[in-house]
Amino acid sequence: MKWLEKLDTIDPRWVYIIMAVSLVFPVLKPIGLAITIDETTTVPVFNWIESLQPGDIVVGDVAFSGGSEGELGPQLQSWFRHCMIKGVKVIMVAQWNTGERLGYTLLEQVANELEAEGISAEYGVDWVYVGYKPGGTTLWRQMQLDFWGACAETDMLGNSFQDLPLMHRFKKWDKESSKGIMAFVAGSPGLPTYTTYFPDYEIYVGNVAVQVPGAMNTLRAGQIKGLLAGLPGGAQYELLLNRPGRAVKLMDAQSMGHLWIMVLVVLGNIGFYMKSRARDE
Amino acid sequence: MTRVQIWVAALCTLACYSYLIKENPAYRIAEYTLVALYTSYNITRLFHSFIKPYFINYALEEKQYYYIVMGVLGLLLYARYAPPQYRWLARYPIALAVGWGLGGSIARSPRPVFTQVADAMRPLDSVNNIVFFVCFLVVLSYFFFTVGKESKFIQGSGRIGRYIMMIGFGTAFGNTVQGRISLFLNRLSFLLTDWMGISI
Numbered sequence: 001m002k003w004l005e006k007l008d009t010i011d012p013r014w015v016y017i018i019m020a021v022s023l024v025f026p027v028l029k030p031i032g033l034a035i036t037i038d039e040t041t042t043v044p045v046f047n048w049i050e051s052l053q054p055g056d057i058v059v060g061d062v063a064f065s066g067g068s069e070g071e072l073g074p075q076l077q078s079w080f081r082h083c084m085i086k087g088v089k090v091i092m093v094a095q096w097n098t099g100e101r102l103g104y105t106l107l108e109q110v111a112n113e114l115e116a117e118g119i120s121a122e123y124g125v126d127w128v129y130v131g132y133k134p135g136g137t138t139l140w141r142q143m144q145l146d147f148w149g150a151c152a153e154t155d156m157l158g159n160s161f162q163d164l165p166l167m168h169r170f171k172k173w174d175k176e177s178s179k180g181i182m183a184f185v186a187g188s189p190g191l192p193t194y195t196t197y198f199p200d201y202e203i204y205v206g207n208v209a210v211q212v213p214g215a216m217n218t219l220r221a222g223q224i225k226g227l228l229a230g231l232p233g234g235a236q237y238e239l240l241l242n243r244p245g246r247a248v249k250l251m252d253a254q255s256m257g258h259l260w261i262m263v264l265v266v267l268g269n270i271g272f273y274m275k276s277r278a279r280d281e
Numbered sequence: 282m283t284r285v286q287i288w289v290a291a292l293c294t295l296a297c298y299s300y301l302i303k304e305n306p307a308y309r310i311a312e313y314t315l316v317a318l319y320t321s322y323n324i325t326r327l328f329h330s331f332i333k334p335y336f337i338n339y340a341l342e343e344k345q346y347y348y349i350v351m352g353v354l355g356l357l358l359y360a361r362y363a364p365p366q367y368r369w370l371a372r373y374p375i376a377l378a379v380g381w382g383l384g385g386s387i388a389r390s391p392r393p394v395f396t397q398v399a400d401a402m403r404p405l406d407s408v409n410n411i412v413f414f415v416c417f418l419v420v421l422s423y424f425f426f427t428v429g430k431e432s433k434f435i436q437g438s439g440r441i442g443r444y445i446m447m448i449g450f451g452t453a454f455g456n457t458v459q460g461r462i463s464l465f466l467n468r469l470s471f472l473l474t475d476w477m478g479i480s481i
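Protein chains in written order, with the working numbering: chain A, 1 to 281; chain B, 282 to 481.
If you're looking for bench data, these hints aren't it; they were derived computationally from the structure. A couple of the hints might just be wrong.
What the hints assert, rightly or not - To list a few chain B residues with every Cβ distance to chain A over 10 Å, as calculated: (1) 317; (2) 347; (3) 363; (4) 379; (5) 436.
Said to hold, decoys possible - Not everything, but these chain B residues come out facing chain A in the computed CB check (under 7 Å): (6) 301; (7) 392; (8) 396; (9) 452; (10) 462; (11) 467.
Owing to the predicted nature of the structure, the values given are computational and were not obtained by experimental measurement. Glycine included, every Cβ here is placed at the ideal spot set by N, Cα and C.
Let the hints inform the model, and build the full structure from the sequences given.
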């Protein structure tokens, strides 16, 4: 079985090409595979926003950059849409300077869509994008005591907090003024900022898939209350909102990609086994 | 995005993925452009949204002059590029930052860890908790480097602990694969819809 042994030494570029082809087709022609909504991770995030009253304020964090937009972008947009539909006010900070502009662009796109649909998503009234501020966890700690001072009273666009009505209700970041935190994280700094410096707050997380196994213990221990896990998390949230979007469209391709990887792992191991046996003989 | 912006983004995406074939100038150009853009963007942004408002609002208008002191202290970081006899000045802001950082970290970091340690102690009243408890013990026993290494019992439980960790690593790898595919799919959908105009 020479060809099976050769599988162990296949040129990676063939793998990439076949992978690309196997992903293109489901994107162009979705198969419609089932998406199961996770009761322990995704649903608590959705229920949290559902439980809030119009006018309540939540804080979101863009702790990712363009490299993770594929996973966290759909999550962020669905969550923001949900907040606006429910009348929940959103104040966004950004732990990553490399992703702050990207986060704003994603939210602005949703806000424009909502305004066109007749749902209020006015900047300064319904949401404010404070963006990145340098200083790391030290500054995040200071935000709890004096949010305005820590942020130099300026949002990402250069607007003074004085001119933004929503910010007048948010002078400091405590449990009374904020009804929870939703952090979209892709690495460091990320979730530990909140589990360390905001341990008594209601913390929810949108995570890249790579980090999900590491975040599951924080969910189990109650340090976070809900978790959107990678692209499937975004797709599940879109379904809960009854508005299938980008994440749902890409889930078929994701499943096909997994299938191809599984086939490769099995074939690679068979090749490895055959080669080892031939060597032993 | 305008048509030109979409073309730039698409060509940069293709340049990045060209690395899969082999290292090449297109990939290098995309890589260096990204680094340069991030750096210049951040410097400009921070100056306008942070340094300038802090200086004007607080230091000048509210006369909180300690902001100027801290600003000067921060500038001392650049003393490492000064003539050798002045380079020692850079140690003071570093000392301050390291001291504050360590103090703050030591004071607050244990709590999240202890929360998880406390959560590990659960009543054995469900299959999940029993499985967790057994896995917890055997994985810990794998890390007994000093006591009981000669014991067949510790060796056996350590071996089971290793298998359990391998399952954990497999889960992490599976999620990594999932994440990488998601990122590629995002770029793929951009290329297909925004660049090539195919509706999906």
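Hints and how they fare:
At the 10 Å boundary, the C-beta of residue 317 of chain B stays outside the reach of chain A, the nearest C-beta of that chain being 13 Å off. Every beta carbon of chain A lies more than 10 Å from that of residue 347 of chain B, the smallest distance being close to 13 Å; the non-interface claim holds. The beta carbon of residue 363 of chain B sits about 23 Å from the closest Cβ of chain A, which is more than 10 Å, so the claim that it is off the interface holds. For residue 379 of chain B, the requirement that its beta carbon stay farther than 10 Å from each beta carbon of chain A is met, with the minimum near 12 Å.
Residue 436 of chain B, annotated as away from the interface, keeps every beta carbon of chain A farther than 10 Å; the closest lies near 26 Å. Interface hint status for residue 301 of chain B: upheld, as the beta-carbon distance to the closest one in chain A is roughly 5 Å, under 7 Å. Below 7 Å, beta-carbon pairs count as interface contacts, and residue 392 of chain B has one with chain A at about 6 Å; its hint therefore holds. With a cut of 7 Å, the hint placing residue 396 of chain B at the interface with chain A holds, because the nearest CB-to-CB distance is about 5 Å.
Hint status for residue 452 of chain B: holds, given a least beta-carbon distance of 5 Å to chain A, under 7 Å. Against a cut-off of 7 Å between C-beta atoms, the interface hint on residue 462 of chain B holds, since the closest Cβ of chain A lies about 4 Å away. Hint on residue 467 of chain B holds. Least Cβ distance to chain A is approximately 3 Å, under the 7 Å limit.
Hint check: no violations occur; every hint is consistent with the structure.
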